[in-house]
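Construct the entire structure; sequences and hints are all you get.
Residue numbers (full-length UniProt numbering), protein chains in the order written: chain A, 1 to 263; chain B, 1 to 531.
Possibly wrong hints are sitting among the right ones.
[Unchecked claim] Restraint-style ranges between C-beta atoms, simulated for each label pair:
1) A:A126 <-> B:N15: 52 to 60 Å
2) B:I476 <-> A:H83: 43 to 51 Å
3) B:L311 <-> A:P14: 58 to 66 Å
4) B:G272 <-> A:H83: 33 to 41 Å
5) B:L237 <-> A:N51: 57 to 65 Å
6) A:A126 <-> B:P96: 55 to 63 Å
7) A:G27 <-> B:M461: 24 to 32 Å
8) B:N15 <-> A:P14: 49 to 57 Å
9) A:R20 <-> B:F458: 37 to 45 Å
10) A:A150 <-> B:L311: 37 to 45 Å
11) A:R261 <-> B:W248: 41 to 49 Å
12) B:V37 <-> A:V30: 43 to 51 Å
13) A:N195 <-> B:G272: 26 to 34 Å
[What the hints assert, rightly or not] Calculated pairs, DSS-like style, for lysine-lysine (alpha carbon to alpha carbon, straight line, at most 25 Å):
14) A:K139 <-> A:K121
15) A:K167 <-> A:K121
16) A:K129 <-> B:K273
17) A:K167 <-> A:K129
18) A:K121 <-> B:K269
19) B:K18 <-> A:K121
Because the hints were derived from the structure by calculation, they are not lab data. Where a beta carbon is used, it is the ideal one built from N, C-alpha and C, also for glycine.
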Amino acid sequence: MSNSFEQAKDTGLPPALSIRGLTKHFGNKVAVDGIDLDVPAGSFYGLVGPNGAGKTTSLSMATGLLRPDAGQVWVHGVDVWSHPLESKRLMGLLPDGVRLFDRLSGEQLVSYAGLLRGMDKDTVTARVKDLLSALDLSKDAGTLVVDYSAGMTKKIALAAALIHAPKLLVLDEPFESVDPVSAANIRDILHDYVNTGGTVIVSSHVMDLVQRMCDHVAVIAGGRVLAAGTVDEVRGSQSLEEKFVDLVGGRKENTGLSWLRNS
Amino acid sequence: MVAQLVSLKLTLLRNSLKRSPWQLVGLIIGGLYGLGVLAMTLVGLAALGAGEPELIGTVLTLAGAALVLGWLIIPVVAAGLDMTLDPARFTTYAIPMKSMLTGLLLGSFIGIPGAITLLASLGTAIAWWRHPLAALVALLCGVLGAVTCIVASRAITAASTSLASSRRFKDASGIVLLVPLMFMGPIISGVSSGVGDFKEYLPALAQTVSWTPLGAVWSVPAAVAAGSYGAAGLKLLIAVASIAALTWIWRACLSRALVTPAFAGGGRKAGGKLGFFNWFPATPTGAVAARCLTYWFRDPRYSAGLLIAPLLPLIFVFAGSQAASETGGTQSLGIALGLGGALAAYLVVWSISSDISYDNTAFALHIATGVSGTADRSGRALAAAVLALPLGILYAVIGAVLAHDLGQLLATVGLVLGVVGSGLGLASVFSARFTMAVPLPGESPMKTRPGNGLSSVFIQMSGFVGLGVLVLPELILAIVAMVTGQLLYAWLALAVGIILGAVFLVVGIRKGAAVFNQRAPELLLAVSVDR
Chain A
1 MSNSFEQAKD TGLPPALSIR GLTKHFGNKV AVDGIDLDVP AGSFYGLVGP
51 NGAGKTTSLS MATGLLRPDA GQVWVHGVDV WSHPLESKRL MGLLPDGVRL
101 FDRLSGEQLV SYAGLLRGMD KDTVTARVKD LLSALDLSKD AGTLVVDYSA
151 GMTKKIALAA ALIHAPKLLV LDEPFESVDP VSAANIRDIL HDYVNTGGTV
201 IVSSHVMDLV QRMCDHVAVI AGGRVLAAGT VDEVRGSQSL EEKFVDLVGG
251 RKENTGLSWL RNS
Chain B
1 MVAQLVSLKL TLLRNSLKRS PWQLVGLIIG GLYGLGVLAM TLVGLAALGA
51 GEPELIGTVL TLAGAALVLG WLIIPVVAAG LDMTLDPARF TTYAIPMKSM
101 LTGLLLGSFI GIPGAITLLA SLGTAIAWWR HPLAALVALL CGVLGAVTCI
151 VASRAITAAS TSLASSRRFK DASGIVLLVP LMFMGPIISG VSSGVGDFKE
201 YLPALAQTVS WTPLGAVWSV PAAVAAGSYG AAGLKLLIAV ASIAALTWIW
251 RACLSRALVT PAFAGGGRKA GGKLGFFNWF PATPTGAVAA RCLTYWFRDP
301 RYSAGLLIAP LLPLIFVFAG SQAASETGGT QSLGIALGLG GALAAYLVVW
351 SISSDISYDN TAFALHIATG VSGTADRSGR ALAAAVLALP LGILYAVIGA
401 VLAHDLGQLL ATVGLVLGVV GSGLGLASVF SARFTMAVPL PGESPMKTRP
451 GNGLSSVFIQ MSGFVGLGVL VLPELILAIV AMVTGQLLYA WLALAVGIIL
501 GAVFLVVGIR KGAAVFNQRA PELLLAVSVD R
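This is how it looks when you write it as structure tokens:
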């Protein structure tokens, strides 16, 4: 975490995303328990954690979809909950477990996202075309999204998040059920985006992917941040996966299912 | 394996009761209703037994055929009446087809419709209390009849999912079957008025039906009672053969369904067609309107309403035409159509009161893009107005032409404008404030969801009453104009309709937008509970 603050000082700019004391309860269950996090501008930030760790809840609160019980969020210095319109202009969002307006065709859906943001028609038309071809969806542009496969649905949602050229991209499980070729294409697009000054936050539970792709990482479990910083700082001499298991725990030490052995 | 499947169904039933006490209440109410129906049926059957064997045969054959028909049709309309044991979920367990079919068949009798059908079918033996041999045969045929019902409904469900698993078919079938249901009232009243001639026709109909798969099984005891054992044997053969054929269809479709994915989409389509997005200005409001209008035509939950709304005035006409035949002339017909137009317009505009519930979590896009409450509210209202205004005005014009009454034209147009404006205004506030349990995206429009049923009804009722209050001035003026026939009141109704409609529309959208801006994340949270 210290590294993030230093970087913020170095560039003199506010972090792309800054979270303080974010908390959410559902009934008696504490989903997110006072999270602090800084995502430096221009970083490729991975958010990892076991199932039910509070990743999606935290990201929903950070992007204005879910009202927090307590805490504050700034995107490039703009308070998300007191200046929603300004902050949402800076963010592109790919939520997980959320439906799309799937009776629209792919092309209509991405255009819709652009028009809702008040962009003019010519820009929207040109960008939709570029996005669909970059994500290899041109041939299915007129197909209804409800008829898309799971991977294609992820890709069209990503296109809808990119249309307004945001400064910060928040992607919740972007690679789930995406085929390896498309995933590689998406990674190229994201790396390009980071190299030209954009910031990306991805949540995932595929550690290898995060270790290869991201330069920063935060480990979240039980609604708390267990570790945060550059990937090398967090993992030390171990692989990210080993470090993650150390931090989160829960590995079974016994010998497993003896009857499952075939020899 | 069969026993496991049956006990699985029992376990599922028990666990669903544990989830919420309301499930238990629902089951008890359903059970009481079923028992009531059963008791009435059994008493009716016993009374029927006093009659002549021919009469008993006619009634049982027709009633039985209707029962089988019901089991065939209802599952298609209700899109999977009881899919607790959905065969698709057993794909990965290597269950032999024979055990699967038997298990599913027996499992179907656990549950209110299945159990009542079985008991009532066995109960047909009571009607033969004066003919012991026929009663004995009726017991056997009752079991066969109940099995026919279940196998038929299973076969048609399996066939409709495997033969046409395309989404387009699913979307269309639910809507198409809605239309005859709507006209059920007029049809029944028409049939019952002609029932005098119909009575003589019934025995002949029963005679024919008794040789078809629908009625054969129910007519065997009658043939036995009449002493024509040859016919009885032949009919029993038909009955058994139809069960065998239905089982074969069920088995074939099921084994196909188990190896094909549940969902097959249409072909790939290149882009270039933005549809309604080309019609509206490229602003957030225009985009919302274009999206909503697309949904009115593509989403069966909306298009079902769009199909019902224009038909509603025609049902009014049925009532009107009966009055017209007494008074003579097309005037009452015209009035019925003119007022029916306002009702049709109301149906369309009020649909948007649950717009956000229909969006479900797709609504997240509106929050993520930070679309303003004003743009969201007015876009949705615009799409509904584009549909409701021409519809209402068309009926107002047709009605006025039929009634040869200029005053009625002005008055009903004023009423339509008032209803559309006030209705959209009120619905804009309601949909920003309340979410309701509605069918999820992709579900049948006929499906009712468990949950806050009572509060949904309450919200709908208060909306209806509230709108009634808002349009009261123009409604009273329109009625006065039509009763007195004075043009002054008609012009007043038109003017008041336009002014109040416009005022309530603007106020409603503003108020709705303010609520929306404040509560958008809470709305998303509320709809994401159902998904």
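Hints and how they fare:
1. Between A:A126 and B:N15 the Cβ separation comes to about 54 Å, which falls inside the hinted range of 52 to 60 Å.
2. For the pair B:I476 and A:H83, the beta carbons lie near 48 Å from each other, so the given range of 43 to 51 Å is met.
3. Our hint of 58 to 66 Å for B:L311 and A:P14 holds, since their Cβ atoms are close to 59 Å apart.
4. At about 38 Å, the CB distance of B:G272 to A:H83 agrees with the hint of 33 to 41 Å.
5. Distance hint check for B:L237 and A:N51: the Cβ-Cβ separation is about 59 Å, which falls inside the suggested range of 57 to 65 Å.
6. Remark: the range hint 55 to 63 Å for A:A126 to B:P96 is upheld by a beta-carbon distance near 58 Å.
7. Separated by about 30 Å at the C-beta atoms, A:G27 and B:M461 satisfy the suggested range of 24 to 32 Å.
8. Taken as a hint, the range 49 to 57 Å holds for the pair B:N15 and A:P14, whose Cβ atoms sit roughly 51 Å apart.
9. At roughly 42 Å, the beta-carbon separation of A:R20 and B:F458 lies within the given 37 to 45 Å, and the hint holds.
10. The hint said 37 to 45 Å for the Cβ distance between A:A150 and B:L311, and at roughly 38 Å that hint holds.
11. A hinted range of 41 to 49 Å holds for the C-beta pair A:R261 and B:W248, which are about 44 Å apart.
12. Hint check: B:V37 to A:V30, Cβ distance near 50 Å, so the stated range 43 to 51 Å holds.
13. Between A:N195 and B:G272 the C-beta distance comes to about 33 Å, which sits within the given range of 26 to 34 Å.
14. With a C-alpha separation of about 22 Å, the suggested pairing of A:K139 with A:K121 holds against the 25 Å cut-off.
15. Simply put, A:K167 and A:K121 have alpha-carbon atoms about 21 Å apart, close enough for the 25 Å limit, and the pair holds.
16. For the hint linking A:K129 to B:K273, the alpha-carbon distance of about 12 Å falls within 25 Å, and the restraint holds.
17. About 21 Å separates the Cα atoms of A:K167 and A:K129, which keeps this hinted pair within 25 Å; it holds.
18. For the proposed pair A:K121 and B:K269, the alpha carbon gap of about 22 Å is at most 25 Å, so the pair holds.
19. The straight-line distance between the Cα atoms of B:K18 and A:K121 is roughly 53 Å, outside the 25 Å bound, and the hint therefore fails.
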